[in-house]
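S.K.: The primary structure of each chain is shown beneath.
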Amino acid sequence: MSQVTGRSRRIAITFAFLFAATCASGAAAGDRTAPNCPLDLARGGPARLEQFRGKVVYVDFWASWCVPCLASFPFMERMNQDLAPRGLVILGVNMDARPEDAQHFLARHPVSFPVALSGNADCARKFGVGGMPSSYLIDRKGVIRSVHVGFRPGEAAALRSLVEHTLAEQGTRS
Amino acid sequence: MMLLRTVLRGSIALSLPVALATLAGCASVEPWERGTLAEPHMALDPHPARSAVLSHVRSSREAAATSVTKSGGGCGCD
Amino acid sequence: MTERASAGKLALQALTAAAFALPGLATPAHAEDDQSFSIQYSHYFEGERNLHDQSYSSLGLKPIEVDSVSADANLNLTDRIKLQASYSQDSWSGATPVVSLPNAAVEAQLMSGASSPNSFYTDRDHHPVVVDWDSYDPDTGLYQFRADPRLVHVMASASPETRQQASGALSYEWNRAELSAGGGLSEEHDYDSHFVNLGGKFDLERKLTTINWGLSYTWSRIHASLAANTAADWGAYLDQIRDVNGEPTIFGRRHDLAGDIGVTQILNKGALVQVDLGYTRSTGFLENPYKAVILGFDDPDQYVDASGLRYVPIKGVLEQRPNLRSQFALTVRYAQHVAPTDGALHAEYRLFRDNWGVTANSLDLSFDQPLGGGWVMTPQARYYTQTAADFYRPYFVFDEAYPAHPGGPLDLSQVPLKYFSSDERLSGFGALSGGLTLEKRFENGIALDLAYEYYAHRGGLKLGGGGEGSYADFSSSLLTASLKLDLVRNRDARLGAVRDRGVGGRLPAFVSTAPAGVPFADMLARGGELAFDIGYVDSSAKGPLRFHDRPVDEQEEIDLACGSVACALGPLSRSDHELLFEFMYAPTDWLTLIAAPRLVNRGIVLKTLEPIFAGAGTIGPRPSGPDGSGSHSNGGWGDTTVLAAFRLLDKPGNRLQAALGLSVPTGRDGIRLNTKTDYASYGLQLGSGTWDFTPNLTWEGRTGGWSGGAQLAGIKRLQHRNDAGYRLGDEVTATAWGARDVTDWLSLSARVAYEWDGRIKGRFKPHLEHNVPEQETGQADWDVNGDGVVDSNDTEEITVYKDEMLPHVVAGPEDLPANYGGSFWDAGIGLTMTVPSGALQGDQLSVEWLQPIATAANGYQLSRRGTLTARVSVAL
Numbered sequence: 001m002s003q004v005t006g007r008s009r010r011i012a013i014t015f016a017f018l019f020a021a022t023c024a025s026g027a028a029a030g031d032r033t034a035p036n037c038p039l040d041l042a043r044g045g046p047a048r049l050e051q052f053r054g055k056v057v058y059v060d061f062w063a064s065w066c067v068p069c070l071a072s073f074p075f076m077e078r079m080n081q082d083l084a085p086r087g088l089v090i091l092g093v094n095m096d097a098r099p100e101d102a103q104h105f106l107a108r109h110p111v112s113f114p115v116a117l118s119g120n121a122d123c124a125r126k127f128g129v130g131g132m133p134s135s136y137l138i139d140r141k142g143v144i145r146s147v148h149v150g151f152r153p154g155e156a157a158a159l160r161s162l163v164e165h166t167l168a169e170q171g172t173r174s
Numbered sequence: 001m002m003l004l005r006t007v008l009r010g011s012i013a014l015s016l017p018v019a020l021a022t023l024a025g026c027a028s029v030e031p032w033e034r035g036t037l038a039e040p041h042m043a044l045d046p047h048p049a050r051s052a053v054l055s056h057v058r059s060s061r062e063a064a065a066t067s068v069t070k071s072g073g074g075c076g077c078d
Numbered sequence: 001m002t003e004r005a006s007a008g009k010l011a012l013q014a015l016t017a018a019a020f021a022l023p024g025l026a027t028p029a030h031a032e033d034d035q036s037f038s039i040q041y042s043h044y045f046e047g048e049r050n051l052h053d054q055s056y057s058s059l060g061l062k063p064i065e066v067d068s069v070s071a072d073a074n075l076n077l078t079d080r081i082k083l084q085a086s087y088s089q090d091s092w093s094g095a096t097p098v099v100s101l102p103n104a105a106v107e108a109q110l111m112s113g114a115s116s117p118n119s120f121y122t123d124r125d126h127h128p129v130v131v132d133w134d135s136y137d138p139d140t141g142l143y144q145f146r147a148d149p150r151l152v153h154v155m156a157s158a159s160p161e162t163r164q165q166a167s168g169a170l171s172y173e174w175n176r177a178e179l180s181a182g183g184g185l186s187e188e189h190d191y192d193s194h195f196v197n198l199g200g201k202f203d204l205e206r207k208l209t210t211i212n213w214g215l216s217y218t219w220s221r222i223h224a225s226l227a228a229n230t231a232a233d234w235g236a237y238l239d240q241i242r243d244v245n246g247e248p249t250i251f252g253r254r255h256d257l258a259g260d261i262g263v264t265q266i267l268n269k270g271a272l273v274q275v276d277l278g279y280t281r282s283t284g285f286l287e288n289p290y291k292a293v294i295l296g297f298d299d300p301d302q303y304v305d306a307s308g309l310r311y312v313p314i315k316g317v318l319e320q321r322p323n324l325r326s327q328f329a330l331t332v333r334y335a336q337h338v339a340p341t342d343g344a345l346h347a348e349y350r351l352f353r354d355n356w357g358v359t360a361n362s363l364d365l366s367f368d369q370p371l372g373g374g375w376v377m378t379p380q381a382r383y384y385t386q387t388a389a390d391f392y393r394p395y396f397v398f399d400e401a402y403p404a405h406p407g408g409p410l411d412l413s414q415v416p417l418k419y420f421s422s423d424e425r426l427s428g429f430g431a432l433s434g435g436l437t438l439e440k441r442f443e444n445g446i447a448l449d450l451a452y453e454y455y456a457h458r459g460g461l462k463l464g465g466g467g468e469g470s471y472a473d474f475s476s477s478l479l480t481a482s483l484k485l486d487l488v489r490n491r492d493a494r495l496g497a498v499r500d501r502g503v504g505g506r507l508p509a510f511v512s513t514a515p516a517g518v519p520f521a522d523m524l525a526r527g528g529e530l531a532f533d534i535g536y537v538d539s540s541a542k543g544p545l546r547f548h549d550r551p552v553d554e555q556e557e558i559d560l561a562c563g564s565v566a567c568a569l570g571p572l573s574r575s576d577h578e579l580l581f582e583f584m585y586a587p588t589d590w591l592t593l594i595a596a597p598r599l600v601n602r603g604i605v606l607k608t609l610e611p612i613f614a615g616a617g618t619i620g621p622r623p624s625g626p627d628g629s630g631s632h633s634n635g636g637w638g639d640t641t642v643l644a645a646f647r648l649l650d651k652p653g654n655r656l657q658a659a660l661g662l663s664v665p666t667g668r669d670g671i672r673l674n675t676k677t678d679y680a681s682y683g684l685q686l687g688s689g690t691w692d693f694t695p696n697l698t699w700e701g702r703t704g705g706w707s708g709g710a711q712l713a714g715i716k717r718l719q720h721r722n723d724a725g726y727r728l729g730d731e732v733t734a735t736a737w738g739a740r741d742v743t744d745w746l747s748l749s750a751r752v753a754y755e756w757d758g759r760i761k762g763r764f765k766p767h768l769e770h771n772v773p774e775q776e777t778g779q780a781d782w783d784v785n786g787d788g789v790v791d792s793n794d795t796e797e798i799t800v801y802k803d804e805m806l807p808h809v810v811a812g813p814e815d816l817p818a819n820y821g822g823s824f825w826d827a828g829i830g831l832t833m834t835v836p837s838g839a840l841q842g843d844q845l846s847v848e849w850l851q852p853i854a855t856a857a858n859g860y861q862l863s864r865r866g867t868l869t870a871r872v873s874v875a876l
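Chains as they are written, first to last, in this note's numbering: chain A, 1 to 174; chain B, 1 to 78; chain C, 1 to 876.
Check before you lean on any hint, since a few could be wrong.
Going by beta-carbon spacing under 10 angstroms, a handful of chain A positions derived as facing chain C [as the list claims (entries may be wrong)]:
(1) A71
(2) A97
(3) P99
(4) E100
(5) R108
(6) H109
(7) G130
(8) G131
(9) V149
(10) G150
(11) R152
(12) G154
(13) L159
Distance windows between CB atoms, simulated [to be verified]:
(14) C/F202 with A/A157: 26 to 36 angstroms
(15) A/A158 with C/G434: 47 to 57 angstroms
(16) A/S161 with C/S837: 19 to 29 angstroms
(17) C/N175 with A/G44: 29 to 39 angstroms
(18) C/L83 with A/V143: 34 to 44 angstroms
(19) A/G119 with C/N175: 24 to 34 angstroms
(20) C/G434 with A/S161: 51 to 61 angstroms
Everything labelled a hint here was simulated from the structure, so no lab data went into it.
Ideal Cβ placement from N, Cα and C applies to all residues, glycine included.
Using the sequences plus the hints, can you model the full thing?
M.R.: This is the structure we're talking about:
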């Protein structure tokens with residue numbers, strides 16, 4: 001009887017792993033140029049990602065229902081206030097299905113960095129977003145330097161120093 | 001014999017949703033499309049404290065052992 | 001009280017059927033990132049069962065009632081380490097079935113006046129009948145009889161017994177997996193259980209598929225008193241029964257190993273499904289020691305009359321179940337979002353099978369419907385059906401002569417069955433239940449909910465028919481109320497409020513860092529704040545009995561500790577624990593209003609004092625057995641304190657507050673245990689029974705890393721007597737403490753306290769006692785005085801049974817008011833932690849141990865062993 005149990009269980013697990021293998025998608029970093037997404041900024045109108053070339057861009061895909069975003073927003077706001085003069089641009093790309101949910105979240109957590117509401121599914125797909133929230137650090141040349149999925153308060157310090165390090169690099173100001 | 005049948009049936013049932021999903025296609029739900037699943041009332045057990053009391057009370061009057069909700073689903077936040 | 005009035009009432013000790021549920025795998029899992037703190041209160045009560053020609057009130061019974069409280073916390077200790085901790089307690093009381101048997105046997109017992117059913121009659125075709133003994137026809141040699149096919153339960157009562165359970169688990173979270181390990185224990189007076197568990201999950205495919213698994217191991221010890229179960233034969237268990245404090249107690253051990261594995265799969269944007277397979281293996285003592293089984297013996301060679309009327313002697317025996325139970329359970333859960341209404345449909349199907357022959361199916365459907373404004377309504381319905389265990393029958397009849405050992409006890413080796421049980425939990429039946437939950441979620445992360453469920457257990461609802469008869473049907477209701485605090489959202493909302501007001505930094509809600517054992521020393525820092533506090537207080541006292549602080553020997557105890565009578569019982573130990581809930585609201589900056597209900601549990605262990613005093617035991621508590629020696633406990637709601645705390649002085653380093661309080665007598669003071677008619681002792685009552693004035697004055701000072709404080713508090717009873725005829729003494733306490741900050745979030749304290757408790761005034765009033773034997777002179781029907789005629793001069797002494805008002809029996813020192821009160825000095829050490837960061841920032845956790853150092857107690861009292869207090873204060 002235990003053999004039959006074992007076999008059925010093995011079948012089930014094989015299915016699961018096959019599934020995982022065929023569906024696996026990675027958010028690859030390193031030496032990939034950031035996709036030039038069109039973004040409709042709430043306080044700035046239509047824009048494209050390319051227009052921020054020359055600055056370090058921190059693109060954060062977020063949603064009102066994402067619990068870690070409650071902690072990532074104060075972190076990003078503080079980072080924006082401290083590092084924007086040094087050339088950092090933070091873009092919050094909202095993924096809510098209903099823009100009202102995003103507005104409600106922003107009313108309770110006002111931020112000074114630009115936020116793009118609705119219509120960003122295409123952008124998320126191009127970036128290969130694999131979890132919520134996802135943040136992409138793009139250097140002055142437009143290359144994605146790091147991908148961070150999720151947000152834990154203890155990771156904030158390391159993230160921030162990576163951003164500062166990227167800011168310190170010489171960009172192409174020509 | 002009865003136990004064997006139960007285990008067989010159980011294992012087949014176990015592989016059923018996995019098979020279903022494989023057939024349904026893997027790109028069915030993007031990470032940013034999990035908003036509805038993240039809502040509190042979409043959790044598999046939206047009232048865990050009440051379920052605990054209910055299963056405790058029922059196990060004193062019914063022969064079937066208690067059952068537990070495990071994690072999974074929800075917002076998939078990392 | 002005599003046992004004539006009842007049909008075989010086996011006055012048993014408390015049954016907590018829940019003792020036999022497995023707590024190990026039952027800790028509910030929570031969604032990721034769900035840091036929360038929740039408390040829940042629930043009240044369960046059953047309806048009366050059908051006792052045919054008898055009633056609950058005539059037998060002095062009440063249906064089962066359970067009050068339970070649970071508190072759970074889920075916290076992130078670090079980014080990846082999570083802590084889950086739970087505490088719960090339930091108090092059970094009321095009547096529960098012990099055996100089932102033909103109603104004809106109950107009728108036969110009532111007619112014969114026996115103390116418990118010992119036989120019934122059947123016709124030639126083995127159908128139970130009730131015989132009319134006066135109808136004997138000498139010509140035919142036959143009796144008249146009528147069929148009575150009904151079955152009935154014999155119920156037994158339980159006094160409030162409390163079960164406590166605490167458990168915890170630590171988990172580590174990787175990006176795609178989680179591992180958790182935990183353990184806990186559950187304790188009640190007849191059952192102790194310990195468990196450890198291990199569990200985890202793997203996320204596959206971007207968390208669309210999750211595999212969950214769990215393992216748990218539970219080991220339990222049963223030690224149940226059989227003192228009241230004297231009508232049942234214990235034959236099979238003699239080697240497991242020992243005498244404990246004068247009560248025969250059965251001992252057993254039990255081990256349970258359980259495991260389960262499941263897959264959770266997201267099907268689409270609005271649906272997910274989970275399939276779980278579980279296996280449990282239980283070994284050891286799996287019986288319920290309070291349940292008995294009626295075995296009947298129908299000797300094929302004997303009959304009563306020419307019509308074939310048959311006589312079936314019966315005997316109750318403790319049930320016997322196999323030593324191994326293997327259980328399988330398959331559970332499928334499904335959640336589907338309903339877009340048009342933003343509702344969520346939940347369905348759960350469960351299939352259960354074990355090696356005892358029980359197969360059960362259940363289908364549970366519920367629909368969570370948001371109503372707007374944060375309200376959610378959830379109707380719910382469930383159908384459950386189970387088959388009977390192979391060895392279940394309401395009662396058993398064997399075609400053989402009554403197999404007795406010479407001189408009496410049943411010879412179980414002659415019984416052809418090895419396993420038999422009449423526990424209704426193993427019978428065949430169906431159950432239908434329906435309920436409604438109403439929930440309100442607030443923006444600041446607080447969620448309140450109220451739920452009601454009605455449950456109908458009916459033999460007729462069993463799938464496929466063949467369920468137990470309607471005599472076993474019952475209905476029950478469950479009412480639950482809970483408060484859940486989403487810690488992340490709450491802190492987020494509070495920080496937002498701080499931002500809106502233009503004030504920066506961390507604002508603690510509480511101002512006091514008094515040690516845990518100082519009551520009502522705190523108030524809220526600002527107007528508009530709301531907070532919640534739970535305190536747990538555990539104190540005990542042990543023998544030997546002391547008088548003026550010197551130990552007393554047993555002879556002195558018998559002679560002097562009970563006033564004018566000799567003591568029949570003596571206390572061995574006492575234990576009290578209390579769960580205090582404080583709801584705090586500050587309408588202004590200088591005033592905080594507090595409402596504090598509490599759940600109280602009091603217990604005492606008594607032993608019989610030698611020599612047994614003849615004559616002390618005919619009424620009220622008896623010197624030995626269930627009415628006297630052994631352990632007794634009582635649990636339920638105690639008195640509720642309402643307080644207004646005023647801020648008198650608030651300078652940096654110096655704070656003074658005065659509180660005016662009132663103790664509302666919500667705790668019962670006239671409690672009797674089990675089905676007794678006399679009151680339980682003063683120390684076992686749950687409340688004072690009087691309205692009391694409870695003022696206090698608290699001062700706290702701080703300089704640098706040192707702080708200290710003092711409090712003067714009192715209780716003044718505002719009524720002359722409570723409903724039960726007495727009044728507790730007034731109380732005054734004075735305490736002072738000093739504390740040193742060890743880190744910026746932890747401080748250590750040392751405290752001294754003086755408490756004066758006044759004497760109890762008055763005493764329990766007389767109570768109504770039934771069937772008190774009395775000698776009376778009555779008319780004789782024979783010639784007593786030998787004068788040749790039978791007339792009014794012929795009288796004799798006869799025993800009549802009357803209802804009488806009798807004074808409270810003083811069976812032991814705890815029944816005498818003079819043995820309460822005194823002056824007590826204590827010293828304590830404690831620690832207080834103010835959470836520095838994270839979701840619980842600003843909240844407090846404190847623990848203190850208070851040790852008696854000098855006692856000048858009134859009369860004869862046990863020596864106090866110390867008090868442990870633990871408190872959690874959470875700002876809402």
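S.K.: Next, verify each hint and record whether it holds.
M.R.: Hint check:
Nearest Cβ of chain C to the Cβ of A/A71: about 8 angstroms, under the 10 angstroms cut. The hint holds. At a threshold of 10 angstroms, the smallest CB-CB gap from A/A97 to chain C is about 9 angstroms, leaving the interface hint in force. The criterion of a C-beta within 10 angstroms of any C-beta in chain C is not met by A/P99, whose closest approach is roughly 16 angstroms, and the hint is violated. Interface restraint check: A/E100 against chain C, minimum CB-CB distance 13 angstroms, threshold 10 angstroms, status violated.
A distance limit of 10 angstroms between C-beta atoms decides the matter here; for A/R108 the minimum to chain C is near 6 angstroms, and the interface restraint holds. The beta carbon of A/H109 is positioned within 10 angstroms of a beta carbon in chain C (closest approach about 8 angstroms), and the interface hint is therefore held. With a least beta-carbon distance of about 6 angstroms to chain C, the hint placing A/G130 at the interface is held under the 10 angstroms criterion. The beta carbon of A/G131 is positioned within 10 angstroms of a beta carbon in chain C (closest approach about 7 angstroms), and the interface hint is therefore held.
About 8 angstroms separates the beta-carbon of A/V149 from the nearest beta-carbon of chain C, less than 10 angstroms, and the hint is met. For A/G150, the interface hint holds, the least distance from its beta-carbon to any beta-carbon of chain C being 7 angstroms, beneath 10 angstroms. Interface hint status for A/R152: upheld, as the beta-carbon distance to the closest one in chain C is roughly 4 angstroms, under 10 angstroms. A distance limit of 10 angstroms between C-beta atoms decides the matter here; for A/G154 the minimum to chain C is near 4 angstroms, and the interface restraint holds.
Checking A/L159 against chain C by beta carbon gives a least distance of about 12 angstroms; that is not within 10 angstroms, so the hint is violated. At roughly 29 angstroms, the beta carbons of C/F202 and A/A157 sit within the given window of 26 to 36 angstroms. At about 53 angstroms, the beta-carbon gap between A/A158 and C/G434 stays in the expected band of 47 to 57 angstroms. Under the hint 19 to 29 angstroms, the C-beta atoms of A/S161 and C/S837, about 20 angstroms apart, fit the expected range.
In this structure, C/N175 and A/G44 meet the distance hint of 29 to 39 angstroms, their C-beta atoms being roughly 34 angstroms apart. A hinted range of 34 to 44 angstroms holds for the C-beta pair C/L83 and A/V143, which are about 41 angstroms apart. Between A/G119 and C/N175, the C-beta spacing of about 29 angstroms keeps the proposed range 24 to 34 angstroms intact. Judged by the Cβ atoms, the range 51 to 61 angstroms given for C/G434 and A/S161 holds: they are separated by roughly 58 angstroms.
Hints 3, 4 and 13 from the list above are not met by this structure, while the remaining hints are.
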